[in-house]
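**Q** Produce the complete structure using the sequences and hints provided.
So the sequences go chain by chain: A, B, C and D.
The opening residue of the first sequence carries number 1 in the numbering used here; numbering runs sequentially from there.
The opening residue of the second sequence carries number 1 in the numbering used here; numbering runs sequentially from there.
The opening residue of the third sequence carries number 1 in the numbering used here; numbering runs sequentially from there.
The opening residue of the fourth sequence carries number 1 in the numbering used here; numbering runs sequentially from there.
It is possible that part of the hints are untrue.
Because identical chains share one entry, a pair is satisfied inside a single copy or across any pair of copies.
[What the hints assert, rightly or not] The calculated lysine to aspartate or glutamate pairs, modelled on DMTMM-like cross-linking and capped at a C-alpha distance of 25 Å, are:
hint : residue 1 : residue 2
1    : K131      : E81
2    : K126      : D3
3    : K126      : D82
4    : K131      : D48
5    : K126      : D148
6    : K126      : E81
7    : K126      : D100
8    : K131      : E121
9    : K131      : D34
10   : K126      : D98
11   : K131      : D148
12   : K131      : D3
13   : K131      : E17
14   : K131      : D100
15   : K131      : E31
16   : K126      : D34
17   : K126      : E13
Read the hints as simulated data drawn from the structure, not as lab findings.
Number of protein chains: 4
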Amino acid sequence: MSDFQVRNPNYIERVRESFARQSFMTTIGAELLDVLPGGVDIRLPYHDGLCQQHGYFHGGVIGTLADNAGGYAAFSLMAPEDTLLTVEYKMNIVAPGDGDALITRGRVLRPGRTLTVCRAEVFAVKEGREKLCATALCTLMTLEGQEDTPDRHQPKTG
Amino acid sequence: MSDFQVRNPNYIERVRESFARQSFMTTIGAELLDVLPGGVDIRLPYHDGLCQQHGYFHGGVIGTLADNAGGYAAFSLMAPEDTLLTVEYKMNIVAPGDGDALITRGRVLRPGRTLTVCRAEVFAVKEGREKLCATALCTLMTLEGQEDTPDRHQPKTG
Amino acid sequence: MSDFQVRNPNYIERVRESFARQSFMTTIGAELLDVLPGGVDIRLPYHDGLCQQHGYFHGGVIGTLADNAGGYAAFSLMAPEDTLLTVEYKMNIVAPGDGDALITRGRVLRPGRTLTVCRAEVFAVKEGREKLCATALCTLMTLEGQEDTPDRHQPKTG
Amino acid sequence: MSDFQVRNPNYIERVRESFARQSFMTTIGAELLDVLPGGVDIRLPYHDGLCQQHGYFHGGVIGTLADNAGGYAAFSLMAPEDTLLTVEYKMNIVAPGDGDALITRGRVLRPGRTLTVCRAEVFAVKEGREKLCATALCTLMTLEGQEDTPDRHQPKTG
Numbered sequence: 001m002s003d004f005q006v007r008n009p010n011y012i013e014r015v016r017e018s019f020a021r022q023s024f025m026t027t028i029g030a031e032l033l034d035v036l037p038g039g040v041d042i043r044l045p046y047h048d049g050l051c052q053q054h055g056y057f058h059g060g061v062i063g064t065l066a067d068n069a070g071g072y073a074a075f076s077l078m079a080p081e082d083t084l085l086t087v088e089y090k091m092n093i094v095a096p097g098d099g100d101a102l103i104t105r106g107r108v109l110r111p112g113r114t115l116t117v118c119r120a121e122v123f124a125v126k127e128g129r130e131k132l133c134a135t136a137l138c139t140l141m142t143l144e145g146q147e148d149t150p151d152r153h154q155p156k157t158g
Numbered sequence: 001m002s003d004f005q006v007r008n009p010n011y012i013e014r015v016r017e018s019f020a021r022q023s024f025m026t027t028i029g030a031e032l033l034d035v036l037p038g039g040v041d042i043r044l045p046y047h048d049g050l051c052q053q054h055g056y057f058h059g060g061v062i063g064t065l066a067d068n069a070g071g072y073a074a075f076s077l078m079a080p081e082d083t084l085l086t087v088e089y090k091m092n093i094v095a096p097g098d099g100d101a102l103i104t105r106g107r108v109l110r111p112g113r114t115l116t117v118c119r120a121e122v123f124a125v126k127e128g129r130e131k132l133c134a135t136a137l138c139t140l141m142t143l144e145g146q147e148d149t150p151d152r153h154q155p156k157t158g
Numbered sequence: 001m002s003d004f005q006v007r008n009p010n011y012i013e014r015v016r017e018s019f020a021r022q023s024f025m026t027t028i029g030a031e032l033l034d035v036l037p038g039g040v041d042i043r044l045p046y047h048d049g050l051c052q053q054h055g056y057f058h059g060g061v062i063g064t065l066a067d068n069a070g071g072y073a074a075f076s077l078m079a080p081e082d083t084l085l086t087v088e089y090k091m092n093i094v095a096p097g098d099g100d101a102l103i104t105r106g107r108v109l110r111p112g113r114t115l116t117v118c119r120a121e122v123f124a125v126k127e128g129r130e131k132l133c134a135t136a137l138c139t140l141m142t143l144e145g146q147e148d149t150p151d152r153h154q155p156k157t158g
Numbered sequence: 001m002s003d004f005q006v007r008n009p010n011y012i013e014r015v016r017e018s019f020a021r022q023s024f025m026t027t028i029g030a031e032l033l034d035v036l037p038g039g040v041d042i043r044l045p046y047h048d049g050l051c052q053q054h055g056y057f058h059g060g061v062i063g064t065l066a067d068n069a070g071g072y073a074a075f076s077l078m079a080p081e082d083t084l085l086t087v088e089y090k091m092n093i094v095a096p097g098d099g100d101a102l103i104t105r106g107r108v109l110r111p112g113r114t115l116t117v118c119r120a121e122v123f124a125v126k127e128g129r130e131k132l133c134a135t136a137l138c139t140l141m142t143l144e145g146q147e148d149t150p151d152r153h154q155p156k157t158g
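**A** Laid out in structure tokens, this is it:
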């Protein structure tokens, strides 16, 4: 991934700061691991509140991680004055979310001025071994000149 | 949807009972509304723990609802002795998840012996008006002769 | 679809003229039927050169029609000075392409300044009856200020 | 890919023979290159009949190759008595189909008894250099005990 151009020298901080503001990541207990130029890794430990009806990680949790890992992989290449939004994603679940944790790796496949395409792979970690659980393709759109700050949104619950 | 064949006369109870066992639905606060032959509606009120960095509903939450509405739409047509799993889904987010609640409608497009294809649409409800937020296509696979019960899974957290 | 704003009063001509320049449509024998604000229908009669190994319409033919119907549905809403390109599409094939012809209906779901999302449905027509063969979601991107003419491309085979 | 189990010792012949029966491959001029356990490469030289309105390879051609490369990658792992069909695919086009030829590489990501998930990447070759043009995820379903022969289909054109 060394051929991706980083437009923001503080991209690691910016990704971490934005991730920290996503309350849903706190709700599910996801942790941002590595942040690379064009890539991020996210880890989510298993707990009882993340399950589908059979006690495995819920497909929505798996999709959430894939979407977010793809999104922040793209975000790592954004200019300081830009932000982005998810246009769409598609995910194949190839094995149950059966493990002590999920590790998700999002990687930029093709950066673009307006659109960035990423791949995200979700692995279920069980007894120290990783097994592919899901693979996704994500499309993100750059919003030029829009800060990634919360103040363009009025509180909804207050 | 009146042309879909219901194989389980107790399909409404079965869908509700399975949904109630998904701990992730409790975690996010989702509520199962109508259950029809080949269709379900799910509602999720906004709260502070479901957000992305700008205070809107997180894309993962939107995807979770789409996946689940598609899944239970298909599940409503299953025979009593069968269950199903999500093969894949693809979702376009067409507007921010900006509202007091999300309403998701999952509908079977094409039922099949092995595979069922569903559409799910997610609407953001704001001041009583619904606005399309996301549209998804989901593929579900029937697992014949497998109960939809939690006992084939060992507790993971001990 | 009456709520879609047409930016080009000559949109029908423009769609037909662009379609006519797609040599691949001539190669397969596809015909543009109706052109509406935000929608087009395409018809393709069966012939021996369009098959997969079992003699049905090839999946690539089905995908070609879905992609093109979605694309021209979006194109019908473009301003005269803009063109567009396909960002991505996803298609579920729900029945074999078994018929005397395929009819494809592309419809805009959500128009946007930069991105437009469309649905396309492909029907196999057999003995006068239509049967759903495939359903697709397509994302198109507007290219502002770029003519939809062939002259930005150098001949490749000459 | 050495960890994929080949169930048919004559898989290369079987893939080549099936590909040769797809009349649409002949129509567009596609050529099957390598056949590996869980992978195939397909090449398509540019010609005037394969274009969209700007003279590039049509998106439907790109999708056709992706679908077919994914399909035959999966088919290479099938037992002699089984065949398969495409359930769905999703493709991102990341650059125009601008080149002297397209090379498509289909690879199995996850084989399964009923479903196989593949990745396909399409490259535009120009002046000897490959550039990524599209990336796809494909889902294929095994049809057990069904020969991959044309005789289960009645001639359609009379």
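**Q** Now tell me, hint by hint, if it's right for this structure.
**A** Each hint, compared with the structure:
Taking CA atoms no more than 25 Å apart as the test, K131 paired with E81 passes in neither setting, with 38 Å inside one copy and 29 Å between copies. With identical chains, the CA atoms of K126 and D3 are at most 25 Å apart between copies only, with a shortest distance of 21 Å across copies and 33 Å within one. Proximity of K126 and D82 under a CA criterion of 25 Å is satisfied in neither setting, with 38 Å inside one chain copy and 27 Å between copies. In the homo-oligomer, the alpha carbons of K131 and D48 lie at most 25 Å apart inside one protomer (21 Å), although the nearest pairing across protomers, at 33 Å, exceeds that limit.
Proximity of K126 to D148 under the C-alpha cut-off of 25 Å is restricted to the inter-copy arrangement: shortest distance 23 Å between copies versus 35 Å within a copy. Within a single copy, K126 and E81 get their C-alpha atoms no closer than 40 Å, and across copies no closer than 29 Å, so neither meets the 25 Å cut-off. Taking identical chains as interchangeable, the C-alpha atoms of K126 and D100 lie at most 25 Å apart only when both belong to the same chain, with a minimum of 5 Å there against 38 Å between chains. Taking the closest pair of Cα atoms, K131 and E121 come within 25 Å of each other both inside a single copy (10 Å) and across two copies (23 Å).
Taking identical chains as interchangeable, the C-alpha atoms of K131 and D34 lie at most 25 Å apart only when both belong to the same chain, with a minimum of 19 Å there against 28 Å between chains. Only within a single protomer do K126 and D98 lie at most 25 Å apart by alpha-carbon distance; the minimum there is 7 Å, versus 37 Å between protomers. For the identical chains of this complex, K131 and D148 are inter-copy neighbours only, at 24 Å across copies versus 34 Å inside a copy, given an alpha-carbon limit of 25 Å. Taking the shortest Cα distances, K131 and D3 sit within 25 Å of each other only across copies (14 Å), while inside one copy they are farther apart (28 Å).
Proximity of K131 and E17 under a CA criterion of 25 Å is satisfied in neither setting, with 30 Å inside one chain copy and 30 Å between copies. Taking the shortest Cα distances, K131 and D100 sit within 25 Å of each other inside one copy (12 Å), while across copies they are farther apart (38 Å). Proximity of K131 to E31 under the C-alpha cut-off of 25 Å is restricted to the intra-copy arrangement: shortest distance 19 Å within a copy versus 32 Å between copies. With identical chains, the CA atoms of K126 and D34 are at most 25 Å apart within one copy only, with a shortest distance of 20 Å there and 36 Å across copies.
Taking the shortest Cα distances, K126 and E13 never come within 25 Å of each other, neither inside one copy (31 Å) nor across copies (34 Å).
Checked against the numbered hints above, the structure breaks hints 1, 3, 6, 13, 17 and satisfies the rest.
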